[in-house]
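Peer 1: Sequence:
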Amino acid sequence: MRKLYIAACLSGAFFLTNCHDELDKVNPNYITTEIYFKDAEDLEKGVTGIYAVAHSNLLVAREWFFTHALRSPDYATGGAQLEAPRAQILNGGTSPDNSVVGAIWTGFYTMIHRANTVIVNGPEATGDAEKIRLMVAEAKFLRAWAYYELVNFFGPVPIYTEPVDAVADFQPRAPVADVYALIMADLQAAQAELPATRSAGDLGRATSGAATFLLGKSYMQQGDYATAKTELEKLLGKYALTDNYLDNFREETEYNVESIWEIGFQGRSDNGYNWGSGDGPTQPQSSVRNQEINPISWRNLIPSNDLLNEFETPENGAAKRDPRLDYTVYFPGDEFNNGANKLTEDMQGGAGSSILNGQPIKVSWQKYTNLYKSDSGFQPAGINTRIFRYAEVLLLLAECENHLGNQEKAVEYLNMIRDRADVMMPHYPTAQFPVATQEQVFAAIMHENQVERGGEEGRDFDVLRWIKEGKTAPPFTTYTFKPEKDFVLPIPQDEISRNPELGAGGIERQNPNY
Numbered sequence: 194m195r196k197l198y199i200a201a202c203l204s205g206a207f208f209l210t211n212c213h214d215e216l217d218k219v220n221p222n223y224i225t226t227e228i229y230f231k232d233a234e235d236l237e238k239g240v241t242g243i244y245a246v247a248h249s250n251l252l253v254a255r256e257w258f259f260t261h262a263l264r265s266p267d268y269a270t271g272g273a274q275l276e277a278p279r280a281q282i283l284n285g286g287t288s289p290d291n292s293v294v295g296a297i298w299t300g301f302y303t304m305i306h307r308a309n310t311v312i313v314n315g316p317e318a319t320g321d322a323e324k325i326r327l328m329v330a331e332a333k334f335l336r337a338w339a340y341y342e343l344v345n346f347f348g349p350v351p352i353y354t355e356p357v358d359a360v361a362d363f364q365p366r367a368p369v370a371d372v373y374a375l376i377m378a379d380l381q382a383a384q385a386e387l388p389a390t391r392s393a394g395d396l397g398r399a400t401s402g403a404a405t406f407l408l409g410k411s412y413m414q415q416g417d418y419a420t421a422k423t424e425l426e427k428l429l430g431k432y433a434l435t436d437n438y439l440d441n442f443r444e445e446t447e448y449n450v451e452s453i454w455e456i457g458f459q460g461r462s463d464n465g466y467n468w469g470s471g472d473g474p475t476q477p478q479s480s481v482r483n484q485e486i487n488p489i490s491w492r493n494l495i496p497s498n499d500l501l502n503e504f505e506t507p508e509n510g511a512a513k514r515d516p517r518l519d520y521t522v523y524f525p526g527d528e529f530n531n532g533a534n535k536l537t538e539d540m541q542g543g544a545g546s547s548i549l550n551g552q553p554i555k556v557s558w559q560k561y562t563n564l565y566k567s568d569s570g571f572q573p574a575g576i577n578t579r580i581f582r583y584a585e586v587l588l589l590l591a592e593c594e595n596h597l598g599n600q601e602k603a604v605e606y607l608n609m610i611r612d613r614a615d616v617m618m619p620h621y622p623t624a625q626f627p628v629a630t631q632e633q634v635f636a637a638i639m640h641e642n643q644v645e646r647g648g649e650e651g652r653d654f655d656v657l658r659w660i661k662e663g664k665t666a667p668p669f670t671t672y673t674f675k676p677e678k679d680f681v682l683p684i685p686q687d688e689i690s691r692n693p694e695l696g697a698g699g700i701e702r703q704n705p706n707y
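Under our numbering, think of the first position of the sequence shown as 194, with each following residue one higher.
Keep in mind that a hint or two might mislead.
[To be verified] Simulated DEER-style distance windows between Cβ atoms:
(1) K675 to L429: 35 to 41 Å
(2) Q625 to P525: 25 to 31 Å
(3) A361 to F571: 45 to 51 Å
(4) Y448 to D519: 22 to 28 Å
(5) L429 to K678: 37 to 43 Å
(6) P507 to K427: 35 to 41 Å
(7) A361 to Y520: 50 to 56 Å
(8) Q631 to D362: 45 to 51 Å
(9) K238 to T537: 45 to 51 Å
(10) Q686 to A433: 42 to 48 Å
(11) E528 to D463: 23 to 29 Å
(12) D568 to E276: 25 to 31 Å
[What the hints assert, rightly or not] With a Cα cut of at most 30 Å, we get these calculated DSSO-like pairs of lysine-lysine:
(13) K664 to K513
(14) K513 to K566
(15) K238 to K324
(16) K602 to K664
(17) K664 to K678
(18) K427 to K661
(19) K324 to K431
(20) K661 to K602
(21) K675 to K664
Since the hints were made in silico from the structure, they are not lab data.
Glycine residues also receive a C-beta, built at the ideal position from the N, C-alpha and C atoms.
Make the full structure from the sequences, and use the hints.
Peer 2: So, in structure tokens, the structure goes:
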């Protein structure tokens, strides 16, 4: 049916062209790259367009969050209301036609196409040379982030470094090493050109610190812990931990001293949301994450038992209850709406329940929900998503040091995290977590990573890396992890259908066992 439709269009175009040669075949109202992206202001608008995709429903506002969450051991279903494509990922049965997987593929390649347009046209643009240089560097950072996400979600993926404008421009899947080579080159260029900080009007735009962080993490994903350490150490002293843990997940404390890069959102007075691709160009961009996980909303996902029972409490032998448990999760009896209401089990949506320290209990996510200041969960929210934050730098450095045989330094980094003013957990070693050997220190690293970053995006990539390196067994409880298949997602069926070159480079069109 699709082929017939295309053929009919082409036939009609041929007929009109031959009968009306005097017609102007170029729509004068349509802006093309031949007349646009010619000066610094055009490039800046082009970069804004890249961010718009990152903010959209395809990516951070919804589907990017979901894909990470559903592949993380920190999440469980909130009940039967979880949509089928999402339950499929959570349960390890993802198929190539999964709509969530297709959405993030489309979103990231749209980002890449827009970034390529800026990067290719930048050298010929006129006007403010400094702005042009910064716009190209910013586009390279965003392209690197898109490829970093793609290569970790899908493995080998097609590489595009120029805008695609013809069917002949399709590319095959490139080896993972080649994808990382482009990521590293882009990040090194961005690191050298981007500013260290942003002023009020540009908060949320990429910085050299964001490029350095992603460069360090990219080295780690490739197993190069020594170089990762060198990069991540550049961030020491340039950021700090906030005194209050929840400052990293609330609207009033965005762009704080701990934030390295975040995607900004703004609540809408009408509580509206564009479910197709995000908010329109004249509307504030909001995130639907709050509505998805809020205790008194859909509550589609809840904290997993694995996450809940990882926190140190007196019930499991700890000297003190880790305050981060109560910052991460809402329990029955907790106050919300600025203290005006108390949460009950009956208020919480869905049937999903949990087991904490052997006792059944109905709990929900507190991170990234606006219930602390609202009496309703049925609303998109304006809480920024913190993509990179300083606590993760300390966790990654601890991992690097331990991998390189420097256990004492690794423990020092872990204790820095536990010294946050409103956390103040006892230093390692503890009765539960001795740190006399490399293996014991790594167990403490995995623990601290989960209780500090539980439910945050990117933790799933860390866990999969640990499994691949043989450092831990698969911690997933919703399905049986299959190493011959589950390190990556399937290439979306739409891409397989439309890209005739996908398998031309010697790599199969589809990932194994899908």
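Peer 1: For every hint, state whether the structure bears it out.
Peer 2: Comparing the hints with the structure gives:
no.: 1; hint: K675 to L429: 35 to 41 Å; result: holds (39 Å)
no.: 2; hint: Q625 to P525: 25 to 31 Å; result: holds (26 Å)
no.: 3; hint: A361 to F571: 45 to 51 Å; result: holds (48 Å)
no.: 4; hint: Y448 to D519: 22 to 28 Å; result: holds (25 Å)
no.: 5; hint: L429 to K678: 37 to 43 Å; result: holds (39 Å)
no.: 6; hint: P507 to K427: 35 to 41 Å; result: holds (40 Å)
no.: 7; hint: A361 to Y520: 50 to 56 Å; result: holds (53 Å)
no.: 8; hint: Q631 to D362: 45 to 51 Å; result: holds (48 Å)
no.: 9; hint: K238 to T537: 45 to 51 Å; result: holds (49 Å)
no.: 10; hint: Q686 to A433: 42 to 48 Å; result: holds (46 Å)
no.: 11; hint: E528 to D463: 23 to 29 Å; result: holds (28 Å)
no.: 12; hint: D568 to E276: 25 to 31 Å; result: holds (26 Å)
no.: 13; hint: K664 to K513; result: holds (28 Å)
no.: 14; hint: K513 to K566; result: holds (28 Å)
no.: 15; hint: K238 to K324; result: holds (12 Å)
no.: 16; hint: K602 to K664; result: holds (19 Å)
no.: 17; hint: K664 to K678; result: holds (19 Å)
no.: 18; hint: K427 to K661; result: holds (27 Å)
no.: 19; hint: K324 to K431; result: holds (24 Å)
no.: 20; hint: K661 to K602; result: holds (25 Å)
no.: 21; hint: K675 to K664; result: holds (16 Å)
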